[in-house]
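Novice: Here are the chains, one letter per residue:
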Amino acid sequence: MNRSLSLIRIIACWEFHRYFKLKDQVIGLVSMLLGGVVMFTAARIAQSSDAVEIAVIGASTSFSIPENGDISVSKEQTSEQEWQKKVANKDIDGLLVIRSGADSNALPDSEAAPGNGQKNQWTARLYVHRDPAWLDQLMPVIQAERTRWEMEQEGLSAETLARVMAPVVVDVVTNVESGVSKADTLTAYAFLGATLMTSWIALAWILTGITGEKHQRVTEQIVSAVRPQVWIDGKLLGITAAAVCSLAFLFVSGIVALIFLALTAEKLPLPGSLQRLEFLPLFVVFYLGGILFWNYFYAANAAIINDPNTSSRSSLLFIPMFPMFACALATNQPDGPFMKFLSLLPGSSVTAMPIRLVMGEVSPVEVLISILLLAAGILLLRLAAGRIFAAGVLLQGKEPSWTDIIRSALGNNRESPFLQ
Amino acid sequence: MNELLVQVQDVGKSFRLVQAVDGVSFEVRSGEIFALLGPNGAGKSTLVRMMIGMMRPDHGAIRWHHPGATVNGPDPRYVGYLPEDRGLYRDQKVAHILEYFGRLRGLSGKESRAAAEEWAARLEVSQHLNSKLETLSKGNQQKVQVAAAVLHRPGIAILDEPFSGLDPLNQEMMLNVIRFLRDEGTTVLLSAHQLELVERLADRVFLLANGRRVLEGTVADVKCGVHSGYSLRMTFSKSVPEELLHAWSDDDRLFDVDRISDFSISLTLNESSIVPELLQRARSAGELTEFRGGSLSLHEIYLRALNPNVKTPDTMNKSLVRTAT
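These protein sequence lines map, in sequence, to chains L and E. If you're matching positions, the first sequence starts at 1 in our numbering and goes up one per residue. If you're matching positions, the second sequence starts at 1 in our numbering and goes up one per residue.
Source of the hints: derived by calculation from the structure; they are not laboratory data. Predicted model, so just to flag it, every value in this text is computed and none were measured. Be aware that one or more of the hints could be misleading.
To be verified - Below 30 Å or equal to it, Euclidean Cα-Cα: the simulated DSSO-like pairs (lysine-lysine) are:
{"hint": "1", "chain 1": "E", "residue 1": "Lys238", "chain 2": "L", "residue 2": "Lys23"}
{"hint": "2", "chain 1": "E", "residue 1": "Lys132", "chain 2": "E", "residue 2": "Lys110"}
{"hint": "3", "chain 1": "L", "residue 1": "Lys23", "chain 2": "E", "residue 2": "Lys132"}
{"hint": "4", "chain 1": "L", "residue 1": "Lys398", "chain 2": "E", "residue 2": "Lys110"}
{"hint": "5", "chain 1": "L", "residue 1": "Lys86", "chain 2": "L", "residue 2": "Lys75"}
Said to hold, decoys possible - Here are some chain L residues the structure puts well away from chain E; computed CB gaps all over 10 Å:
{"hint": "6", "residue": "Leu7"}
{"hint": "7", "residue": "Trp14"}
{"hint": "8", "residue": "Ile71"}
{"hint": "9", "residue": "Val97"}
{"hint": "10", "residue": "Arg163"}
{"hint": "11", "residue": "Glu213"}
{"hint": "12", "residue": "Arg217"}
{"hint": "13", "residue": "Ala225"}
{"hint": "14", "residue": "Phe283"}
{"hint": "15", "residue": "Asn306"}
{"hint": "16", "residue": "Gly336"}
{"hint": "17", "residue": "Ala376"}
Note that CB positions come from ideal geometry on N, CA and C, so glycine has one too.
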């Protein structure tokens with residue numbers, strides 16, 4: 001037993017170092033951060049080049065353009081002719097001329113812009129030196145200016161007018177006790193994403209690792225030294241650890257990016273899901289248990305594939321994705337019967353139960369049953385996968401038949417090596 | 001030395017309709033070099049896999065007699081195994097590969113590193129220890145493969161086709177490795193086709209065909225056995241006398257008489273005692289310019305044992321000459 005554990009540790013370390021290269025991870029992290037910095041800087045530069053300066057003539061005193069947009073109004077005082085020259089010289093991007101009442105007659109009919117109201121009422125004209133892509137930003141302000149003028153003509157007092165024109169403020173209140181907050185949803189999807197990503201990383205490594213070892217003829221020499229069950233246990237522990245560490249590196253990258261944003265941006269979008277840390281231990285149990293469960297499935301599958309590029313059995317490797325995607329689709333009813341079923345079933349509980357934990361109401365008994373079923377599922381799948389792995393791992397150039405696979409899984413394949 | 005190490009008793013194994021091994025029995029004793037011989041598909045690899053516990057025989061028993069052995073097979077730490085289908089992690093450094101295999105065979109990390117360096121020096125690949133395996137030549141990769149199989153100083157080294165794919169220079173290297181292992185007290189069980197190499201190495205041989213025993217014994221015993229004999233070649237100054245050909249063809253003491261060319265004749269006989277008589281008869285029949293004699297090689301015995309009608313290179317030449325004449 002001690003010898004087996006020692007071998008599992010040796011194999012796990014070997015597999016971990018085969019796939020997790022610290023240097024590569026650091027290079028990846030630095031590249032990602034550099035890319036982020038370049039994109040952030042480029043966005044900032046693009047933002048500054050998008051700044052538009054216009055002059056406004058004839059607007060009321062309450063005319064104002066929101067400061068957080070790309071458009072600013074020049075404070076300079078000069079004549080309309082001078083402004084038009086500046087537009088022509090491209091010193092400014094545009095000149096907005098608003099005329100109302102008698103002043104509106106200054107614009108001849110033929111020149112009146114369509115939709116500006118009737119003659120002698122209210123007109124607006126925009127002089128530009130090129131197509132104004134920023135007009136959409138300006139339109140709500142012009143519309144508000146005209147509305148204000150029309151209401152003023154109807155005799156509304158200045159106070160009433162100010163109240164009507166004041167921007168509406170909606171106070172959003174989230175009831176965390178009885179509903180699903182945005183933070184909950186974010187947490188659930190973040191967990192789902194992390195599980196899927198780890199599973200895919202591990203899948204790629206297991207598939208290329210096992211089929212590669214068969215092609216490189218490494219298997220026979222190793223299984224002469226260790227039993228296949230010990231080999232698959234060590235291999236999967238090592239690969240799972242490497243996949244989790246890779247994901248952890250991505251997580252660190254995210255944290256570094258958030259810190260960078262906090263230092264450079266005005267507002268930091270802190271994830272509200274951080275408030276759900278009380279579920280962290282359960283998340284870890286389901287995350288690691290689920291990844292291990294599916295990794296045994298991947299390993300058994302990889303052992304019966306000769307060439308992943310041509311084998312039709314490669315499609316079986318997508319089976320684990322179905323329960324995971326089913327969970328994603330059922331998040332709108334976290335406590336519905338389908339989601340309850342998924343949260344108990346080993347394989348889908350890896351994602352369904354954490355989603356229910358943050359988005360629904362789960363009794364401790366349900367959590368316990370789910371964990372016990374997952375543990376039993378891992379043990380059974382480990383045994384079956386070990387037998388299938390033993391039957392398939394020495395086959396080079398051919399794939400075992402389905403009859404052989406089923407017999408092996410049931411421990412009833414007389415021709416399988418290693419059955420003692 | 002020469003204690004019983006492994007007993008194979010009436011072992012059989014079939015795969016669906018194919019009887020791979022059928023009632024084979026033999027013993028391997030400690031300190032010897034034991035060679036399993038046989039054509040492709042004879043069942044050698046299946047037998048080896050059953051011996052090291054990778055496969056279960058359908059019937060019969062394989063008993064290992066060393067500390068740590070169980071009914072399922074030998075202690076993996078006691079065995080060094082070089083499979084016929086072999087390879088290593090091509091994208092890993094040689095030192096890491098050797099250390100890994102040493103550790104799988106029970107060495108500590110420190111012992112494993114020391115053994116890796118020692119074997120790399122012995123096989124002259126020390127300069128490649130920090131290189132990835134895929135950057136090495138095929139010959140050097142084979143050396144690393146051999147080192148990975150035996151660096152833990154096993155009690156028995158099981159080498160399945162150790163000479164396959166090796167050029168003559170590396171075949172000599174492999175011969176030296178096997179001799180070194182034997183000198184260090186390691187028992188060697190090997191299977192091979194290169195019988196001239198086996199003849200130089202093996203203490204005992206076991207010939208297998210269609211999963212069954214054909215012959216076994218020491219190399220000397222086999223050479224004196226039912227399939228063995230002496231070979232004589234005579235060359236005359238003129239054509240081979242016809243009366244000699246007729247007389248010797250009817251002689252029961254000779255089991256093969258072949259005319260190699262107009263001037264040469266080849267004889268295969270069971271015992272050497274009649275050589276002087278044959279020589280005398282030849283001299284009286286014509287002028288003998290050349291005479292060569294010796295025992296049959298293991299290669300010739302192997303071919304005769306597997307198929308008495310098989311044409312050895314010599315007999316093939318004779319047939320050609322016969323056809324031409």
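Novice: Work down the list of hints and note, for each, if the structure agrees.
Specialist: Against the structure, the hints:
Between lysine 238/E and lysine 23/L the CA atoms are separated by roughly 80 Å; this puts the pair beyond 30 Å, and the hint is violated. For a cut-off of 30 Å, the pair hint linking lysine 132/E to lysine 110/E stands: about 21 Å separates their Cα positions. In summary, the hint linking lysine 23/L to lysine 132/E is supported, as the alpha carbons are separated by about 17 Å, within the 30 Å threshold. Distance hint between lysine 398/L and lysine 110/E is unfulfilled; the C-alpha atoms sit about 39 Å from each other, more than 30 Å.
Between lysine 86/L and lysine 75/L the alpha-carbon distance is near 14 Å, which keeps this suggested pair within the 30 Å criterion. Distance to chain E contradicts leucine 7/L as a non-interface residue, since its nearest Cβ pair spans about 7 Å, not more than 10 Å. Chain E draws tryptophan 14/L into its interface by the beta-carbon criterion, the shortest separation being 5 Å against a cut-off of 10 Å. Here isoleucine 71/L stays apart from chain E, with its beta-carbon at least about 57 Å from theirs, past the 10 Å limit.
Against chain E, the non-interface label of valine 97/L holds: every CB pair exceeds 10 Å, the least being about 72 Å. Every C-beta of chain E lies more than 10 Å from that of arginine 163/L, the closest at about 73 Å, which supports listing it as non-interface. Look at glutamate 213/L: its CB is around 8 Å from the nearest CB on chain E, not clear of 10 Å, so calling it non-interface is violated. For arginine 217/L, the shortest C-beta to C-beta distance to chain E comes to about 3 Å, within the 10 Å cut-off, and the non-interface label is violated.
At roughly 4 Å, the least C-beta separation between alanine 225/L and chain E is not larger than 10 Å, which violates its mark as non-interface. Every CB of chain E is more than 10 Å from the CB of phenylalanine 283/L (nearest about 34 Å), matching its label as outside the interface. Consistency note on asparagine 306/L: stated as away from chain E, and its beta-carbon is indeed over 10 Å from all of that chain's, at 14 Å minimum. For glycine 336/L, the non-interface assignment is confirmed: its Cβ lies about 48 Å from the closest Cβ of chain E, beyond the 10 Å cut-off.
No beta-carbon of chain E is positioned within 10 Å of the beta-carbon of alanine 376/L; the least distance is around 28 Å.
Checked against the numbered hints given earlier, the structure breaks hints 1, 4, 6, 7, 11, 12 and 13 and satisfies all the rest.
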